[in-house]
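**Student:** Using the sequences and the hints given, assemble the complete structure.
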Amino acid sequence: MPRRDVAGVSAAAGQLGPQLWRAARRYLRRRLRMSVDAIEHLVGGLGTSILALAAVLLLVLVALASVVGIGLAMVPSAAKAVRLAANRERARLSRWDRDLPLPPAVPTSLRDVLRDPWFRRECVFVGIHGTVGFGLGVLGLSLPISAVQSLLFPLYYWMLPPEAGGPGIVVWRIDGLPDALVVGLIGVGWLAATVALNPPMAGLQALPGRRLLAPPRDVDMSLRIAELTATRAAALDAHAVELRRIERSLHDGAQNRLVAVTVLLGAARRAMLRDPARAVEILDRAHDSAELALAELRSVVRGILPPVLDDRGLAAALDGLAAGCGLPCTVRVDVPGRCAASVEATAYFVVAEALTNVARHSGAASASVTVRRHADRLHVSVVDDGRGGADEGRGSGIGGIRRRVEAHDGRFTLTSPPGGPTTLLVELPCGS
Amino acid sequence: MRIVIAEDDALLREGLSLLLRAEGLDVVATTDSPTTFLAAVDEFRPDVAIVDVRMPPTHTDEGIVAAVEARRRRPDLAVLVLSAYVEQAFATDLLAGGAVRLGYLLKERVGRVEEFLAALHRVADGGTAIDPEVVGQLFARSRPDSTLSRLSARERDVLALMAEGLGNGAIAQRLFVTDGAVHKHIRSIFAKLGLAPDDRADRRVTAVLRYLEDAQRRSR
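As they're listed, the protein sequences go chains A and B.
Using the numbering used here, the final residue of the first sequence is 447, and nothing's skipped along the way.
Using the numbering used here, the final residue of the second sequence is 432, and nothing's skipped along the way.
Worth flagging that the hints you see were computed from the coordinates, not collected in a lab.
All values derive from a computational prediction rather than experimental measurement.
Where is the CB? At the ideal position from N, CA and C, for every residue including glycine.
What you were told as hints is all true, and nothing was included just to trick you.
If you want the footprint, here are the derived chain A segments under chain B, 3+ residues with CB under 8 Å:
1) 258–271
2) 281–288
Rough simulated footprint, nothing fancy, chain A against chain B, three-plus residues with beta-carbon under 8 Å:
3) 219–225
4) 229–238
5) 311–323
Label pairs and their calculated CB-CB ranges:
6) A/Arg-402 / B/Arg-257: 46 to 56 Å
7) B/Glu-327 / A/Ala-305: 18 to 28 Å
8) A/Ala-305 / B/Glu-281: 29 to 39 Å
9) B/Glu-327 / A/Glu-296: 19 to 29 Å
10) A/Asp-267 / B/Val-389: 36 to 46 Å
11) B/Glu-327 / A/Asp-325: 38 to 48 Å
12) B/Arg-399 / A/Leu-288: 34 to 44 Å
13) A/Thr-438 / B/Ala-222: 35 to 45 Å
14) A/Ala-356 / B/Glu-281: 47 to 57 Å
15) A/Arg-260 / B/Ala-222: 13 to 23 Å
16) B/Ala-222 / A/Glu-296: 13 to 23 Å
17) A/Asp-290 / B/Asp-238: 13 to 23 Å
**Tutor:** This is the structure:
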C-alpha cells in the first residue's frame, strides 16, 4: 500500500478504511498460511524427533553396555541407527528448503565409526532433536489442537457433566453457556498463540539439523564433486539413450518406409510393361508409403527439439502437447521471461513423457499441467486422476524423466498411491 | 522357386511378396519374427529364405542368428539377408559357415528389381551375392600392410564384382573389358592371395572370404 495514503489521513480518510482492511486481511492471510506451514513442519519434525529419541536411547544403552565391555561391538549398529534418524531429518529439511546432501555409508569398523566426523555431529544432533525438538513438536501440535477444542467447546459443552471442566488448562466447573463461551475465548488465545509462536518454533526445531547435519566443511566439496560426477554421467547416459531412441525411430519408421517406396517403385516399373493398370495401383501404394515416411520424419524431428518450443515458447508448446495427448488436460504456465533452451526442452520432454504415461497407463479422465517459476527454479507438476500405482521400476518412461531431470541438477518426485491420484513434481534450475 | 520371407515391417513384407509374386515366384510364407520364420522353414521346406537382420525382440541381429540356425537345420537352404545398413560383423558371422547359397544385400537394392532378381537366382543356384557396399567398405578399411593393399585398383574392381557373385562374363561386361582381361586379373588376384589358380566358384568365394576374415581380424 502506498505510503502517501497513510500520511494524508485527513484527505483520504474515506478511502483509508477499506484500504487498511484489505492490508490487514492480506497480512492475516499470510500469517495464517505461515502457521499452517509451521504446523506441517512441526509435525514432520516431531516424527524425526521420535526417531532421534529412539536413537538416543539406543546410544545410552550401548554406552552403558560398553562400560561393562560388551557394548563396543554394537557401536557400528548404533551408528547406523543414528545415521538413519539423521538422514530422515536431512530428507525433511531438503524438502523444506535447503538441500542437505546425504553422507556416505557408516563405516563398519569400530575405530572408523568413532573417527567419522559425520557421526559425532549426528550424535549431538539426536541428543538435541530427540529432546528439545521432541518437546517443540509436541507443543507445536498441542497449541492448534487446544485452539480447535476450545473454540468448538461452546458447541458441545452440554454433552459433558459440568464438573468435568473444559479442554486443556480449563479445570474449573462449566456452568452453562457463558462459562463455555469463556472457554471459547481462551480458544481464541490459543489460536493467537499458534499463529504467533508456531513459525518461530518450527524454525527453532529445524535449527540443530541445519547446523549439525550439513556436511563438515572439508567434506562438503568432495560430496559436491561426487554428485556432479554422477549427474554428469547420468547426462551422458541420458544423451546416449536419446540418440538410441532417435536411431531406432528413424530406422523403424522413415527408413523402412523409404525402402518400401523403392521396392514398390521397382515393382511398378516392372509391372508397367506387362500390366499398366496394376502399375498405377502399385504406384499409389508407393505414394502412400512416401507420405508415411514424411509423417514419421516429422514426428522424429519434433521429438528432437520441437520447433514450436523455439518459436513460441514453453506455454504454447505445452498447450500443443495437451491438445494432442488424447484426454482433457488443463495447462497453466506462469513463467515470466524465458529459461535456458535446454531447461525449456527438458521441461517440455518431462511433460510430454508424463502425458504419454497418463494416456497409456493411468486410465485417467483428466490431467493438469502446471509450470511456475519461483526465483531461479522452474517447478513443473503433472497431476492426473487415474488409478495411480505408477512405478519407476516398471520401465514406463519414468526412469528416463528422472535421468533427464537429474542431469540438469534438478529434483524429481513421483507420488502415485494405488487408486491415484498420481502427482509428478519436477524442479529445474532455470540457468538464466 | 519356393520362397519364405522373414521381415517384421508389415509394409515392407507385403511390398516384397507383391514384387516377387508379380515376377511369378512362389512365396510360400511370410513371417515377422525369428520363431515363426524357423517354423515356416521346417513346415514349407523353401528353396530360398529372405531374412531381415533386425527383428523382434531386441531388433539387433536376430535375423542373422535365425538365418544361421536355419542353415544349420537345412544346409541346402539358400539365404538372402537384407539389411538396412552394412554391418561388417554381421557379414562375417554369416559367411563364417561358407559363402555358398548366401547373399547379404542392402534393403534398397530390392528396388533395382532386375539386379535383385538376378542376385536371388544366383544365390538359389548355389552362388553368392555380397552387397557392393560391403565389399567397398572392406577396401576402404584395408591398411597399407594388408593383403588387400597388394592388389591393383583394377584387381580390386574385379574382386568387388566377384564378391557380388558375378561370373567372368558379367564382370567383363560391367568393366567394359574382354573376358580374357578379366581372366588375367583373376589369376593375378589368386596369385597375390596365395590361392591355387583355378576357375572353380568356391575358389572365388575363398578369395572373398579371405578379405572378410582379414577385415574382421583387423577390426578386433
